[in-house]
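J.: Construct all of the structure, not just a fragment, from the sequences and the given hints.
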Amino acid sequence: MNELAVEERLVFFQCGSLSLAGILAVANRPNGRTILLPWGTSTAPSSGVNGVRTHLARTFAEEGFHSFRFDYPGVGESEGDYHVGEMSAPLTEEVEAACRWLTDEGFGRIVIVANCFGGWSSLMAAPKLSGLEGMALVNPPVRRDHKQIQAGGAGWRWWVKRLKRIRLKKLRSAEYRDRSRKVLAAKGSSITRTGSHDHRFSSAVGHLIDRRIPLLFIYGADHDFRPDFESELESGLRSAIEREGSSVQVDIVPDRLDARGLASLEAQALLVNEVVPWLHRLPSSPS
Amino acid sequence: MTNTAVRVDAVTGVEERLEHVATPRGLLYSWTARPPQAKSCVLVCSSVFGDFVANYHRERLIGRLLASQGHGVVRFHYSGEGNSQGNRRDMTLATLCDDAQAVLDHAESLGFSKFAVLGTRVGAFVAAATVSALPSSVPLAIWEPLSDPLRFLAEAQRANRMSRAAQGGAGNGAANWRQELEQQGVVHLLGYDVYPAMVESLERVDFLTMLGTLPREVMLARFTAKEGAPDPIRDALVDRGFSIHSDSYGLAESWWFHSERAPEHNSLVGATVDWLSTALSESA
Numbered sequence: 001m002n003e004l005a006v007e008e009r010l011v012f013f014q015c016g017s018l019s020l021a022g023i024l025a026v027a028n029r030p031n032g033r034t035i036l037l038p039w040g041t042s043t044a045p046s047s048g049v050n051g052v053r054t055h056l057a058r059t060f061a062e063e064g065f066h067s068f069r070f071d072y073p074g075v076g077e078s079e080g081d082y083h084v085g086e087m088s089a090p091l092t093e094e095v096e097a098a099c100r101w102l103t104d105e106g107f108g109r110i111v112i113v114a115n116c117f118g119g120w121s122s123l124m125a126a127p128k129l130s131g132l133e134g135m136a137l138v139n140p141p142v143r144r145d146h147k148q149i150q151a152g153g154a155g156w157r158w159w160v161k162r163l164k165r166i167r168l169k170k171l172r173s174a175e176y177r178d179r180s181r182k183v184l185a186a187k188g189s190s191i192t193r194t195g196s197h198d199h200r201f202s203s204a205v206g207h208l209i210d211r212r213i214p215l216l217f218i219y220g221a222d223h224d225f226r227p228d229f230e231s232e233l234e235s236g237l238r239s240a241i242e243r244e245g246s247s248v249q250v251d252i253v254p255d256r257l258d259a260r261g262l263a264s265l266e267a268q269a270l271l272v273n274e275v276v277p278w279l280h281r282l283p284s285s286p287s
Numbered sequence: 288m289t290n291t292a293v294r295v296d297a298v299t300g301v302e303e304r305l306e307h308v309a310t311p312r313g314l315l316y317s318w319t320a321r322p323p324q325a326k327s328c329v330l331v332c333s334s335v336f337g338d339f340v341a342n343y344h345r346e347r348l349i350g351r352l353l354a355s356q357g358h359g360v361v362r363f364h365y366s367g368e369g370n371s372q373g374n375r376r377d378m379t380l381a382t383l384c385d386d387a388q389a390v391l392d393h394a395e396s397l398g399f400s401k402f403a404v405l406g407t408r409v410g411a412f413v414a415a416a417t418v419s420a421l422p423s424s425v426p427l428a429i430w431e432p433l434s435d436p437l438r439f440l441a442e443a444q445r446a447n448r449m450s451r452a453a454q455g456g457a458g459n460g461a462a463n464w465r466q467e468l469e470q471q472g473v474v475h476l477l478g479y480d481v482y483p484a485m486v487e488s489l490e491r492v493d494f495l496t497m498l499g500t501l502p503r504e505v506m507l508a509r510f511t512a513k514e515g516a517p518d519p520i521r522d523a524l525v526d527r528g529f530s531i532h533s534d535s536y537g538l539a540e541s542w543w544f545h546s547e548r549a550p551e552h553n554s555l556v557g558a559t560v561d562w563l564s565t566a567l568s569e570s571a
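Sequence order for the protein chains is L and P.
Position 128 of the first sequence, counting from 1, maps to 128 under the numbering used here, and the rest follow consecutively.
Position 186 of the second sequence, counting from 1, maps to 473 under the numbering used here, and the rest follow consecutively.
These are calculated hints, taken from the structure and not from any lab test.
Here a beta-carbon is modelled for each residue, glycine too, at the ideal position from N, C-alpha and C.
It cannot be assumed that every hint is accurate.
[Stated by the list, open to error] Here are the simulated DSSO-like pairs of lysine-lysine, each with C-alpha atoms no more than 27 Å apart in a straight line: (1) P:K326 x P:K401; (2) L:K164 x P:K513; (3) L:K147 x L:K164; (4) L:K161 x P:K513; (5) L:K182 x L:K161; (6) L:K182 x L:K147; (7) L:K164 x L:K182; (8) L:K161 x L:K147; (9) P:K513 x L:K170.
[Stated by the list, open to error] Here chain P is said to cover these stretches of chain L; the calculated rule only asks that three of the stretch's residues, wherever they fall, bring their Cβ under 8 Å from a Cβ of chain P: (10) 5 to 11; (11) 74 to 82.
T.: See the structure below:
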């Protein structure tokens with residue numbers, strides 16, 4: 001790919017009281033659609049770890065799709081303070097703001113390609129997104145984040161290590177107390193084998209199916225979030241996605257698709273090979 | 288095609304600019320903060336590969352804090368890194384230095400006339416090369432400069448092995464990264480593609496040679512250091528008549544690694560901002 005051939009527009013756009021930084025990669029031969037790339041939370045800039053989002057944006061632009069990547073609040077060149085992603089606080093406003101900016105600029109036919117917490121945030125934002133024509137979600141969490149999953153499955157050694165690290169200073173932090181409460185609850189739920197009553201994931205997917213918006217789920221075979229996804233399928237999601245008229249594709253890839261934001265070039269190539277053909281198969285006009 | 292996005296803080300009047308800086312290797316992504324009437328400016332030279340992301344948040348904080356104190360700041364992504372154009376295959380220490388020079392020229396074109404330079408690990412080499420061509424009044428802040436530049440890659444190899452072992456795989460991935468590089472023309476360290484051009488360019492350099500002999504004010508920050516342990520770079524700079532402020536900040540972290548959480552910075556960010564701000568105010 002000749003990345004020099006892709007023109008990029010640097011922008012600031014408003015999200016509530018904050019100004020966020022974004023980059024629009026302009027397709028050479030536009031097909032009318034724009035890809036929005038909301039990613040997982042981390043302090044990496046909009047390029048992503050090892051330039052994954054830059055690489056994807058330019059690849060999509062070469063394929064005829066404009067694409068837009070941006071910094072969440074407190075990250076990169078955006079205003080605000082950084083917070084680690086919380087399942088209870090998806091970044092829906094940010095996804096909506098990016099979609100709104102795209103629509104206002106004349107890029108209103110949007111397909112979301114999101115990773116991890118960006119996928120969760122996009123799903124939660126979906127009911128408020130107009131112009132949405134597809135969503136490809138890579139390893140989106142279903143009801144628990146990485147920490148909760150780790151805590152749920154961890155043995156006593158892990159807990160002893162954690163307990164040893166507790167300091168009075170840490171306990172004074174509300175964020176630390178919240179995090180600890182969350183991992184304790186995760187462990188409790190794993191011991192008592194009580195499932196979650198959180199069905200926001202399935203509801204959001206159901207909403208997209210009702211709107212006949214094509215969906216692609218990609219999970220690494222060994223990824224942390226896959227078991228929760230499988231359990232959600234068994235709890236009714238499977239019958240929803242197999243419903244007549246739905247256009248949901250689930251791909252389990254024989255790779256962990258690493259949790260570090262798809263850092264490796266191998267993972268990035270795998271993602272391109274999964275997503276690009278799906279993008280080209282999207283119906284040419286919204287149903 | 289170059290373009291610029293500008294926003295101005297309604298309260299402080301600080302102007303922030305996202306811009307492309309043109310180089311023969313393609314367009315560089317840059318962020319500049321320009322407080323009203325500011326003539327002073329800090330050029331931030333990041334590290335590369337995993338360290339580029341690992342330090343990004345600290346550099347962001349430094350940029351915003353310095354701007355709030357009335358100093359300009361310019362940060363950028365090297366060619367082949369982050370949001371800039373270019374191919375990592377062509378990246379060498381010389382191209383990193385050329386990129387920094389292009390961004391410094393760009394900062395001058397924006398009206399800045401008094402500079403300080405900050406560099407981290409591999410970026411410390413870039414910062415040293417950049418100030419070496421500037422008057423002795425230009426202060427230099429460096430985090431974790433390396434006596435042996437190839438240690439930067441060796442640390443990644445070590446982290447790579449640990450990461451594989453932690454994931455239950457064989458812990459000997461890229462055990463001999465030099466051999467892999469020679470055989471395949473690329474080595475993947477923690478997923479990052481490292482090419483021979485970069486490795487070869489690091490083989491022949493020495494921090495002190497790059498910095499030159501013109502004494503200047505230097506802040507030398509170590510993330511961790513054993514108390515009383517010798518620091519060859521600090522000691523050599525003292526011998527050469529540089530004015531050194533050196534400290535260790537107790538940041539226990541592996542090189543190249545970054546997690547979802549914001550990196551710990553203790554007093555490192557604040558101390559660097561204070562030092563740069565004072566040095567810029569005092570420099571002629």
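J.: Could you run down the list of hints and mark each one as holding or not?
T.: Checked hints:
no. : hint            : verdict
1   : P:K326 x P:K401 : 6 Å, holds
2   : L:K164 x P:K513 : 24 Å, holds
3   : L:K147 x L:K164 : 18 Å, holds
4   : L:K161 x P:K513 : 25 Å, holds
5   : L:K182 x L:K161 : 17 Å, holds
6   : L:K182 x L:K147 : 9 Å, holds
7   : L:K164 x L:K182 : 18 Å, holds
8   : L:K161 x L:K147 : 15 Å, holds
9   : P:K513 x L:K170 : 25 Å, holds
10  : 5 to 11         : holds (count 5)
11  : 74 to 82        : holds (count 4)
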